[in-house]
Every structure is written in structure tokens, then in C-alpha cells.
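Colleague: Listed below, chain by chain, are the residues.
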Amino acid sequence: MSVLGNISRSAMAVWSRNKSVFLVTWKTNFLPPFLEPILYLVAMGFAFGTLVKLPAPYDHIDYAQFIAAGLVANSAMYGGFYECTYGSFVRMHYQKTYEAIVATPLNIEEVIAGEIVWGATKSLINGTIVLLVTFAFGLAFFPGLVLVPVVAFLAGMCFASIAMIFTALVPNLDSFNYPFFLFIAPMSLISGTFFPINILPGPVQALALAFPLTHVASLMRGMSLNLLDWNMLLSLAYLAILTLITFYIAIYLMRRRLVK
Amino acid sequence: MRAVIVAEKLTKKFDGLRAVDGISFAIEEGECFGLLGPNGAGKTTCIRMIQCVSPVTSGELTVLGMDVKKEQRRIKAVLGIAPQDNNLDPDFRVRMNLIVYGRYFGIRREEAEKRADELLAFMSLTDKKDDQIDEISGGMKRRLVIARALVNNPNILILDEPTTGLDPQARHMIWEKVRELKRKGVTVVITTHYMEEAQQLCDRLVIMEKGKILVEGKPADLIEGHVKKGVVQVLDPEPELEAYIKLRDWSGERLGDIHYIYTDENQAVRSDILTRFPRANLLIRDATLEDVFLKLTGRGLKD
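Protein chains in written order, with this note's numbering: chain P, 336 to 595; chain H, 7 to 309.
Keep in mind that the hints are not guaranteed to be accurate.
[Claimed, not checked] Computed cross-link-like contacts, BS3-like style, restricted to lysine-lysine with a CA-CA straight-line distance of at most 27 Å: (1) H:Lys-134 to H:Lys-147; (2) P:Lys-431 to H:Lys-19; (3) P:Lys-595 to H:Lys-76; (4) H:Lys-218 to H:Lys-76; (5) H:Lys-301 to H:Lys-224; (6) H:Lys-224 to P:Lys-354.
[As the list claims (entries may be wrong)] Computed, partial: chain P to chain H, Cβ under 8 Å: (7) Ala-348; (8) Lys-431; (9) Glu-434.
Note that these hints are calculated values from the structure, not bench results.
These numbers were taken from a predicted model, which means no experiment stands behind them.
Even for Gly, the Cβ is constructed at its ideal location relative to N, Cα and C.
Generate coordinates for the entire structure from the input sequences, incorporating the hints supplied.
Modeller: Below, the structure is given as C-alpha cells:
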């Protein structure tokens, strides 16, 4: 089955559709990603952080610097995941947007691909906003920080693809409570975002290493603090492979759900 | 005339159920072709196979000579689809709906804007161009759906239940626009269960039931071939009248509180009854496509 072979550049028309909607509503979309990290930085990073002494290899950096990258990673994850769960489900199920689009030369594979690339774009936008906030607080540094948005986009491709798998499977909007509370929430806490994973017990640490967010946070931290090491290449490879697999599964399942 | 849509033993199965069961038909260029049938007859499934969104189970189906199994992209580029449920994009205003839809066909912005303005004028929606979708009436939404189906200048326009739920004014306006498009050479395929609509618009039609074609032909020929010229409806006949009708052996049937008498001699039957039962409640009319439809598909409820 040529799931990926059916995707042409016209998938970008779906991306453009979502971009056009975003450009109309960006004012209401813009403020929350700005405000939330400021609250977290002040409360967790600067206040709570004065009580924290990080273990090696982070013993030379401030806690605020440590969680800054975690906040960027989290906002990138939520951006893409939210867009391709709630956002995509509403377009697919309630607005019948997919049905309208597949009556044009576009096919369902292109619709889903366009949606996922748009989800990744939301990750890029939200991640970059939070990155700018952390930069303003002196918690991210040139030149490494310019690579962070690239990672945010790649992370977005991964989380949007995973989100789309859930969207292909859930019967209704309420069902998204399950992936959000049982998958995304735990991941956002134990992926080396708020504390280093090496303090976790062995099995939990292994689980954390399987979570894509762990690799996103560690890449972003290494880049924004200019602490590069070879493990980052492994993280990058892991994310890329996971993205390819989940992207393929998402399109396969969506086709199974919608083509009848 | 060349055939633009040809189906040969076309079949669609859903979980063992034959929604479309080996039907064959040919739709000619420039005609208005009707797919009629009760709910669940397989009309919309047929349309969905033609528009390449529902895979064919078996049989052949071509659009302008192109196979729906192979050339989906090229086929969809020459079709205009107005689906049964309005799936306009609520995230955009009226005019922007057309422009965004044009984008899916690869139409560039300036051209799409020009086209959108022409189509809004054609469908009398220019005043509403900056309205939100949920602010306009059901009739306007239907007109906008049809305008949207015309964005790519289609050779073939497919209208699935175009006037269901509309008031008479909105319905007549849509009929007028469909005839105008036909005069411009657009082939129109229409599904409906309004017989008046089919009689008004269709050059030829098929009546479907349970996935099969029952009859095919021109509306007038179908009426002539399948039912008598006229119908006398006797409302709530008293037992003596009912007995008398049986005695006369006119062809007809009793359904609910009406006895239908099918006859070529409306007036003769009428005076025959009225001389004996002066207070009988009679309705005399010409036979319509609806009588053909009901004769072939039965008068009982379908779902």
C-alpha cells in the first residue's frame, strides 16, 4: 500500500488553510504561550529554584536555566499534540473539513500530512515564543539557541503524528482525556524537563528514555546552553525514526477510518 | 453525444451488504441525469464512487474515459461536488470559503478572487460575502455549496439532494441556476427523492432501490410506460363506496385513509362515483413521476 507515495506538494494547501485561520485568530492564540512560561519561570525557576541543588552533570547550572529548556520542550509538545487531537478532530468530525477537501484533487493522505505539518508549525511557533521568553530572562544563549526552533519543529512532527494516531482511533472528543492524562501529562513531568532523569529509579529511567520528550528536552537544553555532546545525535536519530514510524501509522489509521 | 460517466456492473459492498449491486448506466455529455430512489437505495454511494472517495468493490466506472481506480486526481479536477450535508468551512467567511476551496485546486489567489466574485454574483450572494457561515440561512448555504462546486469550472456538476429542506423560493432559484448551467454545457448529475424536482430538471433518470436500478428513461416516457394517465384519489371512502370500487374492478390500491384509482379516464371514473356517492371526497390529478416511483418502490415506509 503506497501510503506515503500518494503525498504530493498539494498537501501544503491544507497547511495554508490552517495558517489562514490562525492569522485571523492569532491574537487569542498568542497570549497563553507567552504567559504560562513566565509564571512557571518565576514560581519554579526563580523562587522554588533557590532551594534546589542539581546533581552532576548539571551541578554547574542554575535550576532556572535547567527548567527553561524543559518549558520550551513542553510547549512544543503541547502545541503539536493539542492541534492534532482536539483541533484535527473538530475539523474531521464536526466541521467535515476533510470530507470537503477530499472532493478536490487532494487525497486523504495529503490532508493528514498537511494537518501534521501544521501541528508541527504550531510546535515551532509556541516553542519559539517560550524560547524568546527564556532568552529575555537570560536563560538561553547564542549561538546554540538558533537551533532550538528547528528541534521544536521536528518534535512537533513527532507529537502531531502521535496525536493523529489517537485522533484516528477515538470515538469522540472526550476520549482525548485518556492520552492527555495518561500519556502527555506524565511525559511532561518525567522527561528531564523539571529534574534530571538520572535521579529516577532504573525502570522509570528506562521509560523516560523511551519518551520522545526526554530527547527533545535534552536537545533543547544542550543547544540553548551551548552544551553540545555526541548523545544529542542519538536523540536526534531517535526522534527522526519515531516520527517516520508514527507518521506512517497515523496516515494508515486515518485512511482506515475515513475511506469507506 | 458522448458518454461522460460510464458504469459497468458497478458494485459496492460494505461489510457484506451490497449498497450498489452490479448496476450499469451511461451519462451523456450536457444532459441532466437523475439518480432517484428511497433512502438507502445506493444513490449517495454511487456518487461517492464517481467522485473517487469511495473505492469500487467490483465492476468498471469511468469519468471522461478515465478509470476511477487509477486517475483520481485528474477526475476530481474536472468534477464539481455539492454534497448532501453542508460542509462549508465555518472558520472562514462566505467569500473566503470559495477562495480557500480554489486553493485546493491549485487556483492562484488573484484568479480565485475573481472567480469567487463571479460565483457570488451568479448565486445572488454578493451581499453576504463577508458574513460568517453560521449567520446565513439554509438556502444561502446550499447556494454557497453549489457556488463552491463551480470554483474549478467543472465539466460535470454533481448535486446530492440539492434542495432538501429548502423553502419553495430557494428551491426554484436553485432549479433555475441548474438549468442555466446546463445551457452552458455543464453535465449535471442529481440525486433526489423529490419527484417534482426530477420531473423539472432531469432529461433522463434511473430509479434505484436496494442497490439496483429498477427503471431508466425520460420522465415522460416512464410515466407513460408504467402508470395510467390519471389518478383519482378517494379520501376516506365509506364501506359502501369501498365495496363499489372493488366491484368495478378499477386498478388501484388502498393505502392508509386513501384509495388510489389508476385510470386513463379520470373524468369518467369521477362522474361514475359521484352519481352514486355524491358526497365522496375525490381528488383528480394527472399521474406524476411520484406515482411511477411509488408503484416501483412500494408505498410502505423505507426506514
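Colleague: For each hint, tell me whether it holds in the structure or not.
Modeller: Do the hints match the structure? See the list:
1. H:Lys-134 to H:Lys-147: holds, 11 Å
2. P:Lys-431 to H:Lys-19: The hint holds at about 24 Å.
3. P:Lys-595 to H:Lys-76: holds, 17 Å
4. H:Lys-218 to H:Lys-76: holds, 25 Å
5. H:Lys-301 to H:Lys-224: Roughly 17 Å separates the two Cα atoms, so the pair holds.
6. H:Lys-224 to P:Lys-354: violated, 49 Å
7. Ala-348: Constraint on Ala-348 of chain P satisfied, holds at 5 Å.
8. Lys-431: For Lys-431 of chain P, the interface hint holds, since the closest Cβ of chain H sits about 4 Å away, which is under 8 Å.
9. Glu-434: It holds, given that the least Cβ distance between Glu-434 of chain P and chain H is near 5 Å, below 8 Å.
The structure is inconsistent with hint 6 alone, although it conforms to all the rest.
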